[in-house]
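**Student:** Once you've looked at the hints, dock chain B against the given chain A.
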Amino acid sequence: MSNEVQNATTPGVSSNENIQMALKFLKDNGTLVALLVLVIFFSFADEAFFTPRNLTNLARQTTIVGIIAVGMTMVILINGIDLSVGSIVGLSAITVTLLMQAGVNIWLAVLLTLLLTGVIVGLWNGFWVAHYNIPPFIITLGMMTIARGLALTLSKGGSVPVTNPTFSKIGGNFIPAWISGIIIVAALALFFLVLFRGIQQKKKYNIQVKKQEIISSSVIAVLGLGISFYVFTAYRGIPYPVAIFIVIAFIGIFALENTKFGRRVYAMGGNEEAARLSGINIYRMKLIIYAIITALSALSGILLASRLNGASPNLGTMFELDAISAVIIGGTSFAGGIGTISGTVIGAFIIGILNNGMSLLGVPTFYQLMIKGFIIIAAVWFDVLSKKKKA
Amino acid sequence: MGEVILEMKNIIKDFPGVRALDEVNFEARSGELLALVGENGAGKSTLMKVLSGVWPYPTYEGDIHIRGDLKRFRNTKDAEASRVAIIYQELNLIPELTVAENIFLDRQFTNAFGVVNWNKLYSETQKLLDELNITDFEPTDKVKELTVGKQQMVEIAKALSKNAEILVFDEPTSALTDKEVEALFEIIRKLKRQGVCMSYISHKMEELQQIADRMIVLRDGKTIGEVTLMSEITLDQIISRMVGRDIKDMFPKQEFKQGEKVLEVKNFEVDNPVLAGEKQVKDASFYAAKGEILGIAGLMGSGRTELVTGIFGAFPKDARGEVYLDGEKLDFKSPQETINQGIGLVTEDRKAMGLVLGQSILQNMTISSLETVANQWGIINKAQERKLAKGYVKQLNIKTPGLNVVIDTLSGGNQQKVIVAKWLNTYPKVLILDEPTRGIDVGAKVEIYNLLNKLVEDGVTVIMISSELPEVMGMSDRILVMCEGEIAAELTREEATKELIMEYATGSKKKGD
Chain A
681 MSNEVQNATT PGVSSNENIQ MALKFLKDNG TLVALLVLVI FFSFADEAFF TPRNLTNLAR
741 QTTIVGIIAV GMTMVILING IDLSVGSIVG LSAITVTLLM QAGVNIWLAV LLTLLLTGVI
801 VGLWNGFWVA HYNIPPFIIT LGMMTIARGL ALTLSKGGSV PVTNPTFSKI GGNFIPAWIS
861 GIIIVAALAL FFLVLFRGIQ QKKKYNIQVK KQEIISSSVI AVLGLGISFY VFTAYRGIPY
921 PVAIFIVIAF IGIFALENTK FGRRVYAMGG NEEAARLSGI NIYRMKLIIY AIITALSALS
981 GILLASRLNG ASPNLGTMFE LDAISAVIIG GTSFAGGIGT ISGTVIGAFI IGILNNGMSL
1041 LGVPTFYQLM IKGFIIIAAV WFDVLSKKKK A
Chain B
130 MGEVILEMKN IIKDFPGVRA LDEVNFEARS GELLALVGEN GAGKSTLMKV LSGVWPYPTY
190 EGDIHIRGDL KRFRNTKDAE ASRVAIIYQE LNLIPELTVA ENIFLDRQFT NAFGVVNWNK
250 LYSETQKLLD ELNITDFEPT DKVKELTVGK QQMVEIAKAL SKNAEILVFD EPTSALTDKE
310 VEALFEIIRK LKRQGVCMSY ISHKMEELQQ IADRMIVLRD GKTIGEVTLM SEITLDQIIS
370 RMVGRDIKDM FPKQEFKQGE KVLEVKNFEV DNPVLAGEKQ VKDASFYAAK GEILGIAGLM
430 GSGRTELVTG IFGAFPKDAR GEVYLDGEKL DFKSPQETIN QGIGLVTEDR KAMGLVLGQS
490 ILQNMTISSL ETVANQWGII NKAQERKLAK GYVKQLNIKT PGLNVVIDTL SGGNQQKVIV
550 AKWLNTYPKV LILDEPTRGI DVGAKVEIYN LLNKLVEDGV TVIMISSELP EVMGMSDRIL
610 VMCEGEIAAE LTREEATKEL IMEYATGSKK KGD
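Residue numbers (the numbering used here), protein chains in the order written: chain A, 681 to 1071; chain B, 130 to 642.
Looking at chain A on its own, in the form it has when it is part of the complex (with noise of 0.2 angstroms):
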């Protein structure tokens, strides 16, 4: 659910209301129905799109930097930036790797990185921008250059091969279709279930409650549920990565929705110093959400590392890039403040489908790259244009 804050008055009654609720659903949900026109087109141009298998491989893609792009949505919401997450993803699959070489447990090894490479890594971008005010931009574009160097270093310039069974199974397992299965539909049970409470708990308190909402947001869960069953069942399951990434997301869209943090969150990127007066530690909310980022991309170096059965110190290259358009095409506005973590989940499909989408068809990969940036700038254009005509 994107921008359903504004729209508190509804103007006027309507000759026909269906035709109202229709376009207030394509307004709100503008990138949702990019990603379902996407989805259509590739499926008509190439019969291989719209199959259990590649959908699955896609899911597997995208969530790498879909992991990411949940912290990337946290940091550019407080006005922020993080560009060293792609050499981050490259240092953690080296430090993982290398530790496990090294004879260290696996889950040891695992937590480690998560720790050395994730969170104080995080804590020193953090201190930094907190403590000296200097533009993340620039603190976060040497951590690029440094956690790159010192994966070089640290592999001597070349790959490490994974050798225990155990590790590549994070990131290539699946969990069992028919328990995937399950999961879905619990999933969609649980969905209807915390639909009907909310409905429950605002009749309690006497707040009205809103048709269109709930039916635009029942036709999403629906669709989209029923798409994931389709693809998990019939392939071999909901595969590892895929879903570590819903859990994050759901708790990333939970905390920023329904807590405290994330009120917080976005009241710094509204007016930072409003909120300091406020009385919102603002330091420490910078130290917290620059480490989630980098241990999230950590996370997915390690995650990229168990699917590769290796490391190399050059992967993650470029996908801060990605990430951060991830967000934008999601929605979240670059000056902070607006947006949120289920856009985030859009547009890094959007992104994944294009990737996928793009070599099922063939298209060079100059042409690709070339197709991606326009659309980031439309999807930009595209935000500026709404933006005007509220005001």
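It cannot be assumed that every hint is accurate.
Claimed, not checked - Facing chain B, from chain A, some residues (calculated, C-beta under 10 angstroms):
hint, residue
1, V874
2, G878
3, I887
4, K940
5, F941
6, G942
7, N951
8, R956
9, L957
10, S958
I should point out that these hints are in silico values taken from the structure, not numbers from a laboratory. The structure presented is a predicted model; accordingly, all values stated were derived computationally and were not measured. Using N, Cα and C, we set each Cβ at its ideal position, and we do this for glycine too.
**Tutor:** This is chain B only, laid out in the frame that chain A set:
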């Protein structure tokens, strides 16, 4: 009285769901200043936006005539070409550029190759400043180094450099010192003699009595009554036209029994963050007690804001001294801690430091007290939050179509009430309000005053900074007067007179006199 220059006839402007202007009619003449008076949200600014082409022709109905010709502006350039200029409340200058560059921003003097002729630029600017008798700054000064008052002069010079014939001021004095206001009025008088037709939007009745020739009242998008000569109308009549009812008591001061000292400040100092060795607040000691409103008067830049903001914990590096709340020592190192200990601060600059613009009323209201609507895991109970916010909307009489409405769309008075609600929900022992009624219409002012009374009655100690002497005298039990960073005097309600306060505030009477 000159000829009619500007006529606005039956202007109607609709926004989705609201009619902002409803058949507005008035005319303005050359060589006079027409005051446009009305509460916030009455439609004054919208009217001026119609006049200046910000809202282009087909988006409104009605006719604008300038010197008898029907004008339909499609954009601001059109309006400029018809010699209409507006000096907005928020100045549109580029701080890093010089006065001259700002004045001739879109029309630099260049040669055939596009190279700027700096000598001509500066000399033309100097000519303009001379015409206006401005000697306080040079064409080569950077705008950011000028005070707000001087920046306003730059805006006026800029408007005149475009040969403006119709000049509109939108609350020009809201950020000026008395001296700057006087300088501005001097320029306005000069422009009157030159035959410029001026409109002036303001809340400050005293000023209008000094400077306006005629006035028209706007209420709920309609013009109320005719354009009236300022000399033929009383203040009370203007106010009753504005609010549609009589305001019997502008300052509904209630006195309560004074209690024990709640806040005590000793030897408080705030360093100037930019100039080493300079102090914005010097050796300030005072107290505030239960059951009272403590007023702080003083000119702008006298250190009032820095004093309270420092106590609030916003200058952890630059503030020193001792602050006690209920006998307990505060370390004023972060706003967050100070709030937890029971002090709230309604900041002077609502937009830059008080509100999170672009976000909802609800979000703005609970941001300082999220723990009141969240459980121990930090998860917000949204239904409970709405209920709480609804309560404040009702209690403070906040006029809004809903809780999810973006705060920007409310009028200044209602925005201020949202901020007050935000602080009330932190249950403060001491609430500091820095210029709580700036840019707020008369009706909402009285509501704020009543609210302050209510707070004191409920046991909150209120500290109010104000530049408006009638307000600070009308509502305070005791008044501190600040001058150049020092507390020059502490006056009781009975002792305080306008003259006395001004003498201390301007430094003509010193501490201890």
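**Student:** Now tell me, hint by hint, if it's right for this structure.
**Tutor:** Against the structure, the hints:
1. V874: violated (13 angstroms)
2. G878: Where the cut-off is 10 angstroms and the nearest Cβ of chain B is about 9 angstroms from G878 of chain A, the hint holds.
3. I887: holds (6 angstroms)
4. K940: holds (4 angstroms)
5. F941: holds (6 angstroms)
6. G942: holds (8 angstroms)
7. N951: Holds - the Cβ of N951 of chain A comes within 10 angstroms of chain B, reaching about 4 angstroms at its closest.
8. R956: R956 of chain A check passes; min Cβ-Cβ to chain B is 6 angstroms, inside 10 angstroms.
9. L957: holds (5 angstroms)
10. S958: holds (4 angstroms)
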